[in-house]
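Peer 1: With the hints as constraints, model all of the structure from the sequences given.
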Amino acid sequence: MKVTAKEITKALLAQLWAMYLERVLYAREYQRLVISKGGSVVNDHIAFRTFNTHTGEQPEGIRALRHIISCLDYFPVEKYDFKKKKLKAVHFEHPDPMLPKIFVSQLEVDQLPDWAQQVIKNAVKDTPYLLSDGSIELLATLKEKGSCLVLQAKLL
Numbered sequence: 559m560k561v562t563a564k565e566i567t568k569a570l571l572a573q574l575w576a577m578y579l580e581r582v583l584y585a586r587e588y589q590r591l592v593i594s595k596g597g598s599v600v601n602d603h604i605a606f607r608t609f610n611t612h613t614g615e616q617p618e619g620i621r622a623l624r625h626i627i628s629c630l631d632y633f634p635v636e637k638y639d640f641k642k643k644k645l646k647a648v649h650f651e652h653p654d655p656m657l658p659k660i661f662v663s664q665l666e667v668d669q670l671p672d673w674a675q676q677v678i679k680n681a682v683k684d685t686p687y688l689l690s691d692g693s694i695e696l697l698a699t700l701k702e703k704g705s706c707l708v709l710q711a712k713l714l
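Residues in the sequence shown are numbered consecutively from 559, following our numbering.
I should point out that these hints are in silico values taken from the structure, not numbers from a laboratory.
Note that the coordinates shown come from a computational prediction; the quantities given were computed from them, not determined experimentally.
Some clues are possibly wrong.
Claimed, not checked - Below, a list of computed lysine-lysine pairs in the PhoX-like style, where the Cα atoms sit at most 25 Å apart:
#	residue 1	residue 2
1	K564	K637
2	K659	K564
3	K595	K560
4	K641	K679
5	K568	K683
6	K642	K703
7	K703	K646
8	K659	K679
9	K659	K683
10	K701	K659
11	K560	K703
12	K703	K564
13	K568	K679
14	K595	K564
15	K568	K703
Claimed, not checked - Quick list of the computed label-pair ranges, beta carbon to beta carbon:
#	residue 1	residue 2	range
16	E702	K642	39 to 47 Å
17	E636	A698	20 to 28 Å
18	K641	G614	22 to 30 Å
19	E615	R581	19 to 27 Å
From the three backbone atoms N, C-alpha and C, an ideal C-beta is built for every residue, glycine too.
Peer 2: Written out as structure tokens, the structure is:
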């Protein structure tokens, strides 16, 4: 089955929303209330928080997600630097304005007190890279051709 980047993006966003509803009780209640009144929930943005430090096998900070997001046709729009909070961020948009913006921030770990750096670095030092080689190849094909073959009927 051939699927487009946009189809994969929509499936991924739906899966992320379902996972969020499982974890956040008030979001589940909000959705129930909106639906009971005949409405629907539309996310205008989603956000990911990262650490700008060595994180096991995966890329650090914003880079950890940028290479995935760009394969889904998202492009960087603006960079932010919150010096007092020791955060940097990038906001990405999709050519389809109906898809949510994606904000990715990174905590600048090396700017924190030594004790905080150690706690964070110890917590993430053995983080595995969860994308298989096959998934990385599919992302590259998706970025190059705008679609890829998926062997299973279920996208996620």
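Peer 1: Against each hint, give a clear statement of whether it holds in the structure.
Peer 2: Evaluation of the provided hints:
Proposed proximity of K564 and K637 is supported: the alpha carbons are some 24 Å apart, at most 25 Å. Proximity of K659 to K564 is assessed by CA-CA distance (about 14 Å); at most 25 Å being required, the pair is judged to hold. Taking the CA atoms of K595 and K560, the gap is near 37 Å; set against the 25 Å cutoff, the hint is violated. Taking the CA atoms of K641 and K679, the gap is about 21 Å. The hint holds against a cut of 25 Å.
At most 25 Å may separate the alpha-carbon atoms for a hinted pair to count; K568 and K683 exceed this at roughly 32 Å. Taking the CA atoms of K642 and K703, the gap is about 42 Å. The hint is violated against a cut of 25 Å. A distance of roughly 31 Å separates the Cα atoms of K703 and K646; the hinted pair therefore is violated under the 25 Å criterion. Between the alpha carbons of K659 and K679 the distance comes to roughly 29 Å, so the proposed pair goes past 25 Å and is violated.
For the hint pairing K659 with K683, the CA-to-CA distance comes to about 30 Å; that exceeds 25 Å, so the pair is violated. For a cut-off of 25 Å, the pair hint linking K701 to K659 stands: about 19 Å separates their Cα positions. Among the hinted pairs, K560 with K703 is consistent with the structure: their alpha-carbon atoms are about 11 Å apart, no more than 25 Å. Of the pairs offered as hints, the one joining K703 and K564 holds, with about 12 Å between alpha carbons and a cut-off of 25 Å not exceeded.
Taking the CA atoms of K568 and K679, the gap is near 33 Å; set against the 25 Å cutoff, the hint is violated. Proposed proximity of K595 and K564 is contradicted: the alpha carbons are some 29 Å apart, above 25 Å. Of the pairs offered as hints, the one joining K568 and K703 holds, with about 18 Å between alpha carbons and a cut-off of 25 Å not exceeded. Range check, E702 to K642: Cβ separation about 41 Å, and the 39 to 47 Å hint holds.
Here the CB-CB span from E636 to A698 is close to 26 Å, well matched to the stated 20 to 28 Å. Between K641 and G614 the beta carbon distance is about 28 Å. The supplied range of 22 to 30 Å therefore holds. In this structure the hint that E615 and R581 lie 19 to 27 Å apart at CB holds, the actual value being about 25 Å.
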